[in-house]
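K.L.:
For the sequence shown, our numbering assigns the number 1 to the initial residue and increments by one for each residue that follows.
Heads up, some of the hints might be wrong.
Stated by the list, open to error - Quick list of in silico lysine-lysine cross-link-like pairs, DSS-like style, CA-CA up to 25 Å:
no., residue 1, residue 2
1, K61, K97
2, K254, K211
3, K27, K333
4, K254, K310
5, K310, K211
6, K254, K27
7, K310, K333
8, K211, K333
Said to hold, decoys possible - Computed Cβ-Cβ distance ranges for the label pairs, DEER-style:
no., residue 1, residue 2, range
9, D89, R60, 21 to 29 Å
10, P302, D58, 19 to 27 Å
11, L220, P302, 18 to 26 Å
12, R324, S3, 22 to 30 Å
13, G139, P302, 29 to 37 Å
14, V4, D105, 54 to 62 Å
15, A301, Q55, 30 to 38 Å
16, P186, D268, 20 to 28 Å
17, R324, R9, 35 to 43 Å
18, A215, T321, 26 to 34 Å
Keep in mind that the hints were calculated from the coordinates and are not lab data. All C-beta atoms in this analysis are idealised placements derived from N, C-alpha and C, irrespective of residue type, glycine included.
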Amino acid sequence: MTSVVAMLRFLWLHLCSHRALVNRLRKRVDTDSLVFTPTFSGRTAILQLAQQLRQNTDRRKAYVPDYICNVVERALREAGFETVSYATDENFNPDRKALDLAIADPHAAIMVFASIYGSAGGLDVLNEASVRRRLLASGVHVLLDICQDVTLRHRIPSGFASQLSAVLSFNDKSFPGAMGGGILSPQPLNFSSPSPSLRESGCLYYYYGRKASRALVRSLFRSSRDAQVQPPRTFEYSTCERFPFDLVARQPSKLQLVLAVLGMDAVDRLVQQRTRLADSDLAVRELPFRTSSPYLIIDSAPGTLPNRVKPPYAVFHDRVTSLRPNLIVMHNKGFDDV
């Protein structure tokens, strides 16, 4: 019965206009101090935000955590910035000395903070009054990457005026999606991006339909979820070359907006399901936001895990090298995805 209702809502939302869907999504995503602007994907959200920031500064350096998805650096470079890595500790928090040097750099325009695998990723640091004062005085713009966990929008630090924005992703992290993402910023952003072509829109329906059908098959054969824990043969790396994973700014399609509205309505239920594994007897690393994170670090893994294993990130300049090659990261999304 639940699946029938979900399908009816999916079809009914397709009858809404693009503007009506955007308004519905804003009501679900806006925070007390930040306004949501939808984008085609999380990666184009970074690109478009960085392009906007570049118009207002002569500075050309963007500081990025040393361990992060290579897409972040690629998007910033595409926007015209030179990227500089800063050190993070074993729990992906900024190294204090590296943070101080970045803030003091007169050429720094952007500093990226990212919560990955349930880590604080600098959210706690940004809440410190002394750090906030120095960032405000430096003129550096804080770009908060919460693409892995949309619920962290409620934990975005305040007091940064126009010097803080956040980017989100709706692509199979917090909930099922077909790419999609957006920006939370102090003021609404207006981008003159083209709409996806008819062919591209069709590709998105095919892309999502194929994932949904494969997830259905997986749900019928639950034993196939067990994942063998083995050293990774490859690391996660995106070339950003093929649709819909490219870095071409487009307006979000109707399908993406519909899935985002449905996903935001379901996210609390999905988080409840994630909590079961996050608090289980698996050796889950106790990071502050692990119970809402779609990925968990397993510090001591048995031979198999109940969900799939996510490869560690490759470094930006070399897809066969990772700074954390032995990291075991398990999917814990609360839904089947393939």
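K.L.:
Within 25 Å, alpha carbon to alpha carbon, are K254 and K310?
P.N.:
Violated - the C-alpha atoms of K310 and K254 are around 29 Å apart, more than 25 Å.
K.L.:
With respect to the beta-carbon atoms only, verify the hint that R324 and R9 lie 35 to 43 Å apart.
P.N.:
holds (40 Å)
K.L.:
Between G139 and P302, does the C-beta distance stay in 29 to 37 Å?
P.N.:
violated (49 Å)
K.L.:
In this structure, is the beta-carbon distance linking V4 and D105 contained in 54 to 62 Å?
P.N.:
Roughly 56 Å apart at Cβ, these two residues keep to the hinted range, so it holds.
K.L.:
Verify the proposed pairing of K254 with K211, using a straight-line Cα cut of 25 Å.
P.N.:
holds (18 Å)
K.L.:
Is 19 to 27 Å respected by the C-beta to C-beta distance linking P302 and D58?
P.N.:
violated (54 Å)
K.L.:
With 18 to 26 Å as the target window, see if L220 and P302 comply at their CB atoms.
P.N.:
holds (25 Å)
K.L.:
When you check the alpha-carbon spacing of K61 and K97, does it fall within 25 Å?
P.N.:
holds (18 Å)
K.L.:
Does the alpha-carbon distance linking K27 and K333 stay inside the 25 Å limit?
P.N.:
Holds, because 24 Å separates the two Cα atoms, which is no more than 25 Å.
K.L.:
Can you confirm whether the C-alpha distance between K310 and K211 stays at or below 25 Å?
P.N.:
holds (17 Å)
K.L.:
Quick check: does the Cβ-Cβ distance between A301 and Q55 fall within 30 to 38 Å?
P.N.:
Cβ of A301 to Cβ of Q55: about 47 Å, so the range 30 to 38 Å is violated.
K.L.:
Quick check on a hinted range of 21 to 29 Å for D89 and R60, using CB atoms only.
P.N.:
Given a distance of about 27 Å, which is inside 21 to 29 Å, the answer is holds.
Going through the hint list in order, the structure does not satisfy hints 4, 10, 12, 13 and 15.
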